[in-house]
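Visitor: These are the residues of each chain, in order.
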Amino acid sequence: MSKTSGALKQAFPQNSLLKSFFLVLPMLFLTAMIMSEGGKIPKNPLHLILFVIVYIFFNGMFFLMIYTGKTDRYRAILFTTLAASMVISFISNLIETRGSMALTGEDMISGNTPFCHMVIPMILIPAALTKTIIFPGSILEGFANVATMFVIWIGASLALGRGFCSWGCFFGGLEDGFSRLRRKPILKHIPLKWSYMPYAVLAVVVLTSTLALSPTYCEWLCPFKAVTEFVEITSFQVLVQTIIFVSLFVGLVVVLPILTKRRTQCGLLCPLGALQSFTNKLNVFEIRIDREKCVDCMLCAKACPTFSLDAKSIAKGRTRLSCTKCGKCVDVCPKNAIYFHVKGTPVGSGHDKSRLLFIYPALILLATFGSGTIKGALHRILLLVTTGSMIQ
Amino acid sequence: MNRLKSILGHTWAVLALPIMLATFMGLDYWAKSLAKITDVKISPWFSGGEIIRTLIRENYMTKLHRPVFDGLFGERKEGFVQVNWVSLDENLPPVINEEIDIDGDGTNDFHIQFNTLTNRAYLTDYSDRIIGIEAVYNLGKERAVRVRLRNSSEILRKKKG
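Going down the list, the sequences are from chains C and S. Under the working numbering, think of the first position of the first sequence as 1, with each following residue one higher. Under the working numbering, think of the first position of the second sequence as 1, with each following residue one higher.
Hints may contain errors.
As a list, the in silico EDC-like pairs of lysine to aspartate or glutamate whose alpha-carbon atoms are at most 16 Å apart [said to hold, decoys possible]: (1) S:Lys41 <-> C:Glu141; (2) S:Lys141 <-> C:Asp310; (3) C:Lys316 <-> C:Asp296; (4) C:Lys335 <-> C:Asp290; (5) C:Lys131 <-> S:Glu50; (6) S:Lys36 <-> C:Glu141; (7) S:Lys63 <-> S:Glu142; (8) C:Lys302 <-> C:Asp331; (9) C:Lys343 <-> C:Asp310; (10) S:Lys141 <-> C:Asp107; (11) C:Lys70 <-> C:Asp352; (12) C:Lys312 <-> C:Asp296; (13) C:Lys335 <-> C:Asp296; (14) C:Lys70 <-> C:Asp331; (15) S:Lys63 <-> S:Glu50; (16) C:Lys188 <-> C:Asp310; (17) S:Lys141 <-> S:Asp103; (18) S:Lys32 <-> C:Glu106; (19) S:Lys5 <-> C:Glu286; (20) C:Lys316 <-> C:Asp290; (21) C:Lys131 <-> S:Glu142; (22) C:Lys131 <-> S:Glu75; (23) C:Lys316 <-> C:Glu286; (24) S:Lys63 <-> S:Asp28; (25) C:Lys131 <-> S:Asp39; (26) C:Lys353 <-> C:Glu286.
It is worth saying that the hints were derived from the structure and are not from the lab. All figures in this text were calculated on a predicted structure; none of them were measured in a lab.
Using the sequences plus the hints, can you model the full thing?
Guide: Okay, structure coming up:
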């Protein structure tokens, strides 16, 4: 064994190289199938090179997760790359096809707005009562249509619960990335009562959207319009809406995550995150704390990006409902007292098995969302380097 | 009981991977099935509502949508009607003049003149249901206009009142 791998082995609880390799084999096959859409290997040499790079990237990170036993460290690299790639690909595509990031009235009445998962909480009640979707997209046609996004959300929620927020939601990846820029937080104390804010936002946007038959969070609050698309400014009202979402983006997605080392939009505003928290009740995967090993050092509570651990929850040996199963607390615990657990199974045993059962589907979600997006972004960056423009 | 819980927990945990794979591999099928089962449509406030009449002109077609007043329960006091003009050959005529009878009662409710070169519309109303032009849209070979309306049942209620 080389010096490096020997050092790695000493530093972390992990699997042997051989065992790690065998555990990665299924993922090598599954990601190959997903990325090639069932075996269609790209013929264009450039696309083939990008395919190979992204394939190695995902499986390399998965191998390191298995080998080192660390989850969040490598998840965060993939997740942040996905988010950055999403911004590059999405904006470039918009400018190429539409000429601008601004969404016009024409785009809206033609149903050309890609459906975003953040809208889901707002459309449920109107859909049940009026059989209509209050969003200017398409039910089945075009990119990111309503039915497709809904199916992905249902599948991801069944398989991962709120794990969706740390393994699939490309918006969360932006905050995750910004929250890792500083080694130590500047703002250390955020009162825990603020973590109930997303539930209040959820209640308000569900109510107002139902009454207005219009997605009010998208119109007034969603910070991620700043990096995707936004309504063209044609009136004073739209100007005010633009000022609000840009401020929220700068504040909650960029500045506060840097200052607090937390995912502040996910933890303090996101209504979908609040809704996803309830899916944790149904989902079988959870994070548990072994009270016998725990020394109440609170490192996990300080590290948790979504305010999902506090003294009370640690004393109970559980996370709060909002846990996104990112694995950061598991990684930082110096006593190995925190672990992935399958509900119903005996507490305190089978940690590795539970973690493996969780990270396989979680990585499938990340790879499916991420592979095409990262390939697209790499292609755009290559275009920029070779032609001086990301737009073809 | 604990054993049963454990078996169920493990079963679901093992199924998480097939669920995730099935979600993506059968995405088109699931999406079409979901759309069919739920039979949901895009809200008429965004789509413009169903087309109720199509009129073929010399080199273009006029599509009249149903008036949209849809509320959560019942109808709203105000809404709109959308009219689309679709070119049947290369271009739409520079100016389109159209008399619109919203409800098909034989009485025109408004006249609209649409300048397809400047994308401006001029409205002449013949009924107190008409409020004004809400928006005009340039959809390439197609143009559309939305005219804001008062709900006729609301007008009747006011007259009675």
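Visitor: Against this structure, judge whether each hint is valid.
Guide: A quick look at each hint next to the structure:
1. S:Lys41 <-> C:Glu141: 12 Å, holds
2. S:Lys141 <-> C:Asp310: With Cα atoms ~59 Å apart, Lys141 of chain S and Asp310 of chain C exceed 16 Å; violated.
3. C:Lys316 <-> C:Asp296: 12 Å, holds
4. C:Lys335 <-> C:Asp290: 10 Å, holds
5. C:Lys131 <-> S:Glu50: This hinted pair holds, its Cα atoms lying about 14 Å apart.
6. S:Lys36 <-> C:Glu141: 14 Å, holds
7. S:Lys63 <-> S:Glu142: Satisfied, since the Cα-Cα distance of roughly 10 Å is no more than 16 Å.
8. C:Lys302 <-> C:Asp331: 13 Å, holds
9. C:Lys343 <-> C:Asp310: 21 Å, violated
10. S:Lys141 <-> C:Asp107: 14 Å, holds
11. C:Lys70 <-> C:Asp352: Distance ~11 Å between Lys70 of chain C and Asp352 of chain C Cα, so the pair holds.
12. C:Lys312 <-> C:Asp296: Holds, at about 11 Å.
13. C:Lys335 <-> C:Asp296: 10 Å, holds
14. C:Lys70 <-> C:Asp331: 6 Å, holds
15. S:Lys63 <-> S:Glu50: Between Lys63 of chain S and Glu50 of chain S the Cα gap is close to 10 Å, so the pair holds against 16 Å.
16. C:Lys188 <-> C:Asp310: Within the cut-off at roughly 14 Å; holds.
17. S:Lys141 <-> S:Asp103: 26 Å, violated
18. S:Lys32 <-> C:Glu106: Status violated; Cα separation ~26 Å.
19. S:Lys5 <-> C:Glu286: Holds, at about 15 Å.
20. C:Lys316 <-> C:Asp290: 10 Å, holds
21. C:Lys131 <-> S:Glu142: 28 Å, violated
22. C:Lys131 <-> S:Glu75: 15 Å, holds
23. C:Lys316 <-> C:Glu286: 13 Å, holds
24. S:Lys63 <-> S:Asp28: The given pair, whose Cα atoms are some 31 Å apart, is violated under the 16 Å limit.
25. C:Lys131 <-> S:Asp39: Roughly 7 Å between the alpha carbons, so the hint for Lys131 of chain C and Asp39 of chain S holds.
26. C:Lys353 <-> C:Glu286: 13 Å, holds
Of the numbered hints listed earlier, those contradicted by the structure are 2, 9, 17, 18, 21, 24.
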